[in-house]
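Chains U and Y are the protein sequences, given in the same order. The opening position of the first sequence corresponds to residue 5 in the working numbering, with each subsequent residue numbered one higher. The opening position of the second sequence corresponds to residue 2 in the working numbering, with each subsequent residue numbered one higher.
I should point out that these hints are in silico values taken from the structure, not numbers from a laboratory. Just to be clear, a hint being listed does not mean it is correct.
Computed far set for chain Y versus chain U, every beta-carbon distance over 12 Å [said to hold, decoys possible]:
1. Pro32
2. Glu60
3. Thr113
4. Glu164
Stretch-level coverage of chain U by chain Y, calculated; a stretch enters the list once three of its residues show a Cβ under 8 Å from a Cβ in chain Y [what the hints assert, rightly or not]:
5. 21-35
6. 50-63
7. 70-77
8. 113-120
9. 153-164
Ideal Cβ placement from N, Cα and C applies to all residues, glycine included.
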Amino acid sequence: MKLPSRQRTTRDLKSFQRLMTAALVRPLSPSDRLQSRWTDGRSMHKVAASFIKPNDRLTSFERLEIYARCYWFRLLDCLYADCPGLCALLGEKKFLRLAEAYLAKYPSRSFTLRNLPRRLEKFIRTEPRLTAPHTALALDVARFEWAQTIAFDGPSAPLLAPERLASANPTRLRLGLQPYLSVLALDYAVDDFVIAVKKDGAMRTDASNTPDAAPHAARFRRVPTPERERIYVAVHRHDNMLYYKRLEPAAYRILRTLRAGRTVAQAVGTVRGITPGQIQNWFKNWTELGWLCAYRAK
Amino acid sequence: MPANPFNAFTDYGIGIGLRVPHYRHILEKKPVVDWFEIISENFMVDGGRPLEVLDQILEQYRVVQHGVSMYFGSADPVDRVHLKKLKTLVKRTNTPWLSDHLCWGSVDGTYTHDLLPMPYTFAAAKRTAQKIRQVRDYLEVPICVENVSSYAEFHVSEMTEWEFLTEVVERADCGILLDVNNIYVSSKNHSFNPYDYVNGIPHHRVGQIHVAGHTKFEKYILDTHDHPVLDPVWKLYAHATRLCGVTATLLEWDDKIPSFQEVHDEALKANEFIDGARAAKKPPARATAAASR
Numbered sequence: 005m006k007l008p009s010r011q012r013t014t015r016d017l018k019s020f021q022r023l024m025t026a027a028l029v030r031p032l033s034p035s036d037r038l039q040s041r042w043t044d045g046r047s048m049h050k051v052a053a054s055f056i057k058p059n060d061r062l063t064s065f066e067r068l069e070i071y072a073r074c075y076w077f078r079l080l081d082c083l084y085a086d087c088p089g090l091c092a093l094l095g096e097k098k099f100l101r102l103a104e105a106y107l108a109k110y111p112s113r114s115f116t117l118r119n120l121p122r123r124l125e126k127f128i129r130t131e132p133r134l135t136a137p138h139t140a141l142a143l144d145v146a147r148f149e150w151a152q153t154i155a156f157d158g159p160s161a162p163l164l165a166p167e168r169l170a171s172a173n174p175t176r177l178r179l180g181l182q183p184y185l186s187v188l189a190l191d192y193a194v195d196d197f198v199i200a201v202k203k204d205g206a207m208r209t210d211a212s213n214t215p216d217a218a219p220h221a222a223r224f225r226r227v228p229t230p231e232r233e234r235i236y237v238a239v240h241r242h243d244n245m246l247y248y249k250r251l252e253p254a255a256y257r258i259l260r261t262l263r264a265g266r267t268v269a270q271a272v273g274t275v276r277g278i279t280p281g282q283i284q285n286w287f288k289n290w291t292e293l294g295w296l297c298a299y300r301a302k
Numbered sequence: 002m003p004a005n006p007f008n009a010f011t012d013y014g015i016g017i018g019l020r021v022p023h024y025r026h027i028l029e030k031k032p033v034v035d036w037f038e039i040i041s042e043n044f045m046v047d048g049g050r051p052l053e054v055l056d057q058i059l060e061q062y063r064v065v066q067h068g069v070s071m072y073f074g075s076a077d078p079v080d081r082v083h084l085k086k087l088k089t090l091v092k093r094t095n096t097p098w099l100s101d102h103l104c105w106g107s108v109d110g111t112y113t114h115d116l117l118p119m120p121y122t123f124a125a126a127k128r129t130a131q132k133i134r135q136v137r138d139y140l141e142v143p144i145c146v147e148n149v150s151s152y153a154e155f156h157v158s159e160m161t162e163w164e165f166l167t168e169v170v171e172r173a174d175c176g177i178l179l180d181v182n183n184i185y186v187s188s189k190n191h192s193f194n195p196y197d198y199v200n201g202i203p204h205h206r207v208g209q210i211h212v213a214g215h216t217k218f219e220k221y222i223l224d225t226h227d228h229p230v231l232d233p234v235w236k237l238y239a240h241a242t243r244l245c246g247v248t249a250t251l252l253e254w255d256d257k258i259p260s261f262q263e264v265h266d267e268a269l270k271a272n273e274f275i276d277g278a279r280a281a282k283k284p285p286a287r288a289t290a291a292a293s294r
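Take the sequences, apply the hints, and build the full model.
Structure representation (structure tokens):
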């Protein structure tokens, strides 16, 4: 990519911004420096000097490197903060490798860092070598931690009036679940694992863009890796506090079927050996927790 | 009485940034604070605790919105979805003005989450001013653009940073959020006189001032917002206040955040310089008496 010597148009400005962005989002060397060669094999010093002025203390390369380091440290810091369970599971070195590979493949596409881990589960699935031999557990932890983000500040829908539930025909009634509620089937008890790992509350820190001098590396505790155990868990909020709630397998099936847009009768029909009284109690409890809302077709 | 046409908030006083570690203290103790500055992006969410906290703050305090991701200087067009979310928040907070940075940080939809310096060219100034106007017209609130701190300069630049800032705000007909710490940091990194910068901008457009702390490294200064304000920055603030008139002032402290009281006390140091500026503006007693006859 060669830049014009003068910027006369928005297109020239865009070319300049593309070059600089490409330089920043390129992974750093193992010693946290800019890589010495550009993508086409040219010296990175020459590439930096082509658009950045040196001064009496810093070369063009070093000035560009300040921004590249800030970029990587900031985004890695964010993943450390949002994925403490994954970090504790893999250990810092392995987590860092995963995070760097993830950000190299999926640079941020959102104005907010809140969305940074959104594609982490997908990435782990496509790059299992980065989490081996704990890939299945890492997938569960990534899903669980993203569900917490959704529960923390995801949208809510108006609650369903209890009388509407009582009076409706279950063969026709479709119910929505709150958008902030995630209903997960997991192969490991990652809820207990993440609780043990987290030292602080669930609230994210603010989104200041002040660059950090270095990423924070020790924000987690190592805890024993959980044994394989099928669990069903809801990640939700109540009075704007984050909660996890273990579910019976049948309750999980009903909720998943409701979320898929089936009627209440169809959802209840997916479970066997559960008394009507038990099912009524679940619906009562879900109503009290504010999980049920009007159904909206996707 | 406004100090200048773009500063209808001369008496807004001294604010501090609303930060998570202080939430509990603020909500429980309800300390007296002139106003809080919020990072807009922290509250551009769809629900949950952030909006609950914001609503509680709004019941007690005046809030001004400050953004970090509008990227007026990006060559990309304005993101309409982002703007819509921002307008929803503007309606919620009733912010009297809204600020964001004179910088870029995204291209083709990829975000660096940084405040990257502009190439100081006429083409970039024209494009940036056009975007500021679009945002202001959509949001229907006054806009102030903030000068950023920087660690790099570009060969293509055709003017100084303060000339570029002036070019942009004159073209956009908008206000300036003058960050005197950023001016100081950049002046050290690029070897210019920070007073030339403050002297060289249109003072009548300064609607807000930022002060903050920074960190010195061997070969450059980093704008870390993790220290008290240093003396040279207070001196520059005093100079700016004399030129621009008394202006709404905000202390930024974003990392290694100490207690609420410590942050607020640091911010209130600005009063000393504001009083100095007021005294300098006040006509002598005899002149006042003569004028009143």
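Legend entry - Violations among the numbered hints: 3
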